[in-house]
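K.L.:
Here is what each chain is made of, one letter per residue.
Protein chains: 2
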Amino acid sequence: MTQLVDVTNMCRWIDHHGVEKLIAGILGYIEEDFARWEKFDKIPRVASHTPIGVIELMPTSDSIEYGFKYVNGHPSNPARGFQTVTAFGVLADVDNGYPTFEAEMTLLTALRTAATSAMAAKVLARKDAQVMAMIGAGSQSEFQALGFRAALGIERVRIFDIDPNAMEKFRRNIEPLGIEVYLADSVDDAVEGADIITTCTADKAQNTILDYSLVRPGVHINGVGGDCPGKTELDPRILDDATVFVEFPPQTRIEGEIQNKPEDFEVVELWKVIAGQREGRTSDEEITLFDSVGFAIEDFSALRYLRDSTAGTDFQTFIDLVAEPDDPKDLFSLTSRVLSPL
Amino acid sequence: MTQLVDVTNMCRWIDHHGVEKLIAGILGYIEEDFARWEKFDKIPRVASHTPIGVIELMPTSDSIEYGFKYVNGHPSNPARGFQTVTAFGVLADVDNGYPTFEAEMTLLTALRTAATSAMAAKVLARKDAQVMAMIGAGSQSEFQALGFRAALGIERVRIFDIDPNAMEKFRRNIEPLGIEVYLADSVDDAVEGADIITTCTADKAQNTILDYSLVRPGVHINGVGGDCPGKTELDPRILDDATVFVEFPPQTRIEGEIQNKPEDFEVVELWKVIAGQREGRTSDEEITLFDSVGFAIEDFSALRYLRDSTAGTDFQTFIDLVAEPDDPKDLFSLTSRVLSPL
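In order, the protein sequences belong to chains A and B. Here the first sequence is numbered in my numbering, starting from 1 and rising by one per residue. Here the second sequence is numbered in my numbering, starting from 1 and rising by one per residue.
Derived by calculation from the structure, the hints in this document are not laboratory data. You may find that some hints are simply not true.
Identical chains blur together in the list; that is why a pair holds if it fits in one copy or across any two.
Cut-off 20 Å, straight-line C-alpha distance, at most; resulting in silico cross-link-like pairs (SDA-like, lysine to any residue) [as the list claims (entries may be wrong)]: (1) Lys261 x Thr282; (2) Lys39 x Thr50; (3) Lys42 x Pro75; (4) Lys21 x Asp241; (5) Lys272 x Val215; (6) Lys272 x Val187; (7) Lys272 x Phe40; (8) Lys39 x Pro51; (9) Lys21 x Trp37.
Looking at chain A on its own, in the form it has when it is part of the complex:
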């Protein structure tokens, strides 16, 4: 039988442990998997685009376990009462190909995206960073804020969103947890004095959410929302001044901020920094950019963490997904309790 963590149990699991502890736990698993990056089967995600959104499959394997995530991205969903992003995922045993674990991943993706951003910022932001600007107060925003507190101790967030209700929602969720929240009246206002700038908007268009003039030396930019062909957030000139770190270059060149740059635009693979093969930030003046699009290995790590953390608890139930006749060559036996030929 395949183990299952459904939405109800995912909420209970997060409730039980708290968002920050889980982001920290997932971060550890992602670091572990990024450090053994070369052991993984890697392909760009498999996307089915329509004018209204995208549905994607994101598979990977370390040759012991296989995992994939189903995820959609529909920017117009919230206005119609739906989530922009929903997701679920599966782990399977490479040895016999059986699915072993299925889980909701709408919430888990929010946790793993924050964990990945925080992991990157640990090696790319200045050690004395204290203030984060957040552009975009959507579903991902609270998770980002808590991820940066868990991993870097960030206690002050300056947030801007074109939707004032979304900003209020962010404050309502985050202030009670002891993070100082400033509601900015513009992007310019939000980035004032920020050491880290996180852009996380959902519009599926080539926007300039963050203007070139707003990026000062020493800042770390955590670019989360530019993650789809035709969907970017940064003034392309920012990329010329920054050292750009990416997950899987063949995917990021299609989906990330660097889609606006030539094929040979220089990037650093983040896994090499995690594995100790490359330096992260090299000076207090350097501008660093994590051009995050989300990669299958992060989902694999998050699923592994969830599975391990919920093993043997009532956060897991079962889903009857694998037909198992007594004689493996006699699948037909499962159909023949009552046989009614035409």
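Chain A is fixed; fit chain B onto it per the hints.
P.N.:
Chain B alone, transformed into the frame defined by chain A:
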């Protein structure tokens, strides 16, 4: 909520309707979808190979619905007590990206593979075909036999397998349903007088299950088992004498019998025959070959049929897979019933 047909309910559904009726029903849906082939998003399946087997994702979309199947293929599984192939699949709403339906597909794949083979044989086998030779008595064999009776009225099957127990299992399952079964002592013996030859073996190697000398004019070959790089069943000379029909050429050239032929080896796309754009069999002497590998649209059709057939019945249950906060921008609200910062 996402609707679910799990293994138990799949068995009940097949029990209730009978294998032949369901194969006929799925066949109708596949014909419908093959006739509108050009409306679909099509890519070769996304495969993760290891020395021991393969795990694949097979997505497609008609721009209204999206579907994918997870499926493995592990030839050494039966000897270890596991199914060679297990599968499950999902349908989703392209408009908002939400998964709407999930189902076990180990049994459903067996039904749809038989339905596809039977659909092809309806336009490719001689109208007076009466006898089928089956090479391979594994999980798929009974479904093939019943599919050919449902669609073509085939009542006589000559079977051969290197495993005598598998042949006995086939006879035990099929004879009570009124099909005449002859257990052959060799491939040569099995194909004697056969109008249709179905090859369906699981070994992951370039084998010659069917020798050139055994193929006589007028025969239709239903080549099911050659479906993976490095896994073929037919003497390549057979392909030179036959008219070769395929599902999706970019996938079949990687996985099918034609992988042993040059890139420009001439094939006919089966959908064109179903859509009435091309002839199927053109004479009683022609040798026709359906080089079947299994394509995503067939799974999409089978999932649609299953969903429609089980709608509003207790063959469907629900799986709690989509997180839905009251405010779609407030995913975080689902985590904050009890908040425990670190």
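K.L.:
If a hint holds in the structure, say so; if it doesn't, say that too.
P.N.:
So, going through the hints one by one against the coordinates:
Taking the shortest Cα distances, Lys261 and Thr282 never come within 20 Å of each other, neither inside one copy (23 Å) nor across copies (54 Å). Taking the shortest alpha-carbon separations for Lys39 and Thr50, only the inter-copy value of 13 Å comes in at or below 20 Å, while the best intra-copy value is 33 Å. Neither within a single protomer nor between protomers do Lys42 and Pro75 lie at most 20 Å apart by alpha-carbon distance, with minima of 27 Å and 24 Å respectively. Taking CA atoms no more than 20 Å apart as the test, Lys21 paired with Asp241 passes in neither setting, with 35 Å inside one copy and 66 Å between copies.
With identical chains, the CA atoms of Lys272 and Val215 are never at most 20 Å apart, being 26 Å at best within one copy and 57 Å at best between copies. In this assembly of identical chains, Lys272 and Val187 lie within 20 Å of each other by CA distance neither inside one copy nor across copies; the values are 32 Å within and 55 Å between. Within a single copy, Lys272 and Phe40 get their C-alpha atoms as close as 14 Å, which meets the 20 Å cut-off; across copies the closest is 40 Å, which misses it. For a Cα distance limit of 20 Å, the shortest separation of Lys39 from Pro51 across copies, 15 Å, qualifies, whereas the shortest one inside one copy, 36 Å, does not.
Taking the shortest Cα distances, Lys21 and Trp37 never come within 20 Å of each other, neither inside one copy (24 Å) nor across copies (49 Å).
In this structure, the hints that do not hold are numbers 1, 3, 4, 5, 6 and 9, in rising order.
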